[in-house]
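Q: Chains as they are written, first to last, in my numbering: chain A, 1 to 439; chain B, 440 to 785; chain C, 786 to 1064.
Don't take every hint at face value.
List of simulated lysine-lysine pairs, DSS-like, C-alpha gap at most 27 Å [claimed, not checked]:
1. Lys143(A) / Lys174(A)
2. Lys131(A) / Lys989(C)
3. Lys720(B) / Lys1049(C)
By construction, these hints were calculated from the structure, which means they are not laboratory data.
Every value quoted in this text rests on a predicted model; they were computed, and no experiment measured them.
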Amino acid sequence: MSKDKLQYDVIVVGAGMAGSTAAAIAAREGLNVAVIERGVKPGSKNYFGGALYTHALVDIYPDFFDRKPPLERPVTETGFWFLSDDGLVKATVQGGVVNSDPIDAYVALRAEFDPWWAEQAVAEGAFIIPKTLVNDFLYEDGKVVGVKTDRPEGDVYAPVVIICEGVNNLLTQKLGLIDHDIKISKTALAVKQMISIPAKDINARLGLPDNNHGMAISVMGDVSMGLAGLGFLYTAKGALSLGVGVTLDALQESGIKPYELLQRYLEHPAIAPLIKDGQMMEYGAHLIPEGGWTTMPRLYTDGVLVAGDAASMVNALHWEGTNMAITAGKQAGLTAVEAHKKGDFSAKSLSTYQDKLSDLFVLQDMKQYRKFSAFLKNHPQFMDIYPTFINDALGMFFTGFGKPKRKLYKDIFRSLTSRRPLFKAIGDIIAFGRSIIGI
Amino acid sequence: MTRRFWVFIEQNHGEMHPVAAELLGVANCLVSEVADELKASGEEAVVEGILVGHDVDNVAKEALMYGAERIYHVDDPAFEHYLNRPYTEALTHLVEKYKPEVFLIGATTLGRDLAGAVATSIKTGLTADCTKLEMGPFRKIEKKLLLATRPAFGGNVIATIVCKDHTPQMATVRPRVFETPVRNPKAKGEIIQESFEVTPEMMAAQLVEFITDQTTNLNLEYAEVIVSGGKGLGNSKGFELIKELADELGGVVGSSRAAVDGGWIDYAHQVGQTGKHVRPKLYVACGISGAIQHKVGMQDSDYILAINTDPQAPIFEVSTLGVVGDLYEVIPEMIKQLRAQKGASA
Amino acid sequence: MIHLLVSVKQVPDTTNIRIDPETGSMIRKGVPAILNPYDAHAVASAAEWKKKLGGKLTVVTMGPPAAEEALQECIEMGADRAVLISDRAFAGSDTLATSYVLAEAIRKIDQEDHIDLVFFGKQAIDGDTAQVGPGVAIRLGLPLVTYAVEIQDVNEEEGFALIVRKTESGKEIIKTKLPAAITAEKAIADIPYASLPDLITSLKYKPEVWSAQEPVAYDIDQVGLGGSPTMVAKSGSPEAHEPAETISVEENGLAGAVKAALEKMLSNTSVAALLEDQQ
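Turn these sequences into a full structure, and let the hints guide you.
A: Rendered as structure tokens:
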């Protein structure tokens, strides 16, 4: 066995969306990159709804689609579904802007996509070390010069370490880049089931013309039983992915169990027919960092960069996380390359990473949406009253045959005001607007 | 031409293993299944036992009582303790001499060590751990073949295997899969002493020492009452409770694979496809979900009581009676009531 | 220098099997392929002895290209050389054909560098037949010790090994001349957590791949379906049973449920007779 110390130009911790991207970019520029992944293979610790966003994927590999990536259906119809306890209002859009070429989002399965994404990094020259946990850092003169792993003779040296360890950001905390553990009010637990249904039945039940059409839906309302959170529905090729994510503190306070939420969602009278006779293939859960700007750690220090979920890079309303991770991973990789050119791995040198992200949607959106997760928590009416009201209002409007319309409008109005005074409702809308505009 | 249906008579230091008797019973069934062919061809079919050992004449006599017409007996000091090579060579020699049609071996530790070597030595087919054996037609072949059925993929699939171009058609069967036939003390049959030279080359491995286990007294396969614990126990301590109930019922302790894999109890107690097959008069399954590979090992029990908190547990599909509840509550209550009943009738 | 060899198999992880109700065959999608657990422990034991005595450890497998992963795990545990014997001609091999393929490969390796001890796992968790180890041993004329739970000694100079074998009735200590073959129980050695350098070596290692022609010219009639005396005549789902009558503790209370259960049991004459014998 070699007794020389293990030395690389860059160490990336985690072979997820951020990690494999950082590694690919750095390797592409000729650096010797090692990615240390704790799972048996890349993706074995990752799970999501969910959809991947084309802009980020082709940004890394312009010939992305020519490489025949493992993707499920393209998202050709998307939008919101509002659930009341027994009703459903669909507000989705298809065609027009959504019908771009290529489509802007694709449903994917992490267990299949992550290994493939990592293989692309290997093709660029990165070296992936699986089944190994990075649990500490190596220091020289107070600067990070490498990592320690849980294996015997497990020290690995590199002048720059890119942390892409995911939502449970223990290493980030260890470095003192953030002064607290993950917060239960800022972290959601999402649970989902993948239910196998023949493709033609999926098409028939959801009104999709063929297997080349798919949906990504954000579900609001009854799905989270009044707790701060959202549900989702994604169409895979031969399965439906349905799930709901709710903040940990909401789960704790309410005593509701995650599988109860999911079960209720699946039994909803408008949802149950969609999954009738389906076979449950897979059941899983994952944490999602939702604090955004408010829980973002320092993104760099001497010899270290942080990207992806570990840096809270998620926009919950827009379901953006994987593309933030990819974009940040790319910038981290480029920053590492520059640092090597300069021969300077100090915090000052690496600070250009944050500058670059501030010029891109990643930090701009995180800043803009910084109030959103608190907003949802403080405005539960968006999870119960308003979705129910939307159902009632539209329902009443479209069944008001023979009713004097003046009375009908009064009834509709009252169905809101009986639940929420008008001025408060207006205030809610303004607050919502502010939370997404960021003022 | 005589059609020979052979059974390996396993013995351990002069005591015949009960599986040999069970297989003699099976062999006789197989013979009866080709009665029509025998009538048409005028051939004879015999069930014969093969005994290898040293100073084990009593075993030969015992085997005749369970349905063997004839025993071929190879005796040599070299065979006193089982060793793979000399036993394999002796059996190979006899097979080549007498050319049996079917050869059955018990799937005990010894049998599984021996059968694969013999089948390879003869270059014939062997099907392991069969749960059903019959002579039946296969495609357009004139003579009936041995149809050997065994669970596959942990019991989720039942597969029937044939060996169509090679003889003998070999199969191993775990103890207690088949019933013990009736013992006939008056049985008359031949014992033929066969000679076989054991060369020094065959004795490259030797037994140095033998250490008995405390689990020797277990005899799970032939117990009349078995109380088994599984994953629902949660830990190894749970087996203390299982033992209490087993003692109360006069039985022995069994286990599911999960409990053995978890290190809570020794493999000797494992009931199932890869453990022991049992067919007690009473089998109590506690905290056992009833995965197919466990079911396969105990579903032939006369009366099965299952205790489990999950009313959907598959174990209830093979049980005679089920109690849906927590075994840590049900078992103590059951022991209490059983003792009260004993007290009342004492 | 001692030369140890382990024959391994990559198997589907059968603890969580699902069967396709329509085709009756195993749903392989999503079922990970693993190094057969018994083989892994055999490799761990061989690696321990290789280190102890200073020598070489070779692993072989007969399998599809994907079996390279299983070989990599063996390198991780300390194997020096891994050989994948892979060819379409081997498809459909039963245990007789498999033991032929492996025996000839091992014979070839032995020609170049004499092998002292051949290890097998006790059985593969997909086939569960435990036939290949004994089959290879007899083909190579090796003394065989199955169900090995401990290797007490390997003496290269004097050419013997002391193996502890577990049977239903107890433990046997067998002294065998070398070369010999053993099949291993899990107890024989713990699986080590490889050092990072060893893991990296295994990730970079490319196994040698042997075909049905090179470097061993196999007799085509003895491999694959053609070389397999046994075949599957039919397969199907097991029969359904009639479900049990169940008594719920929740509905009847603990005492009530147990009382009802005992009553039912005692109404069965056989069980009643059994329990009476206990009085």
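Q: Let me make sure I understand: some of the numbered hints might not hold for this structure. Which ones are they, in numerical order?
A: none
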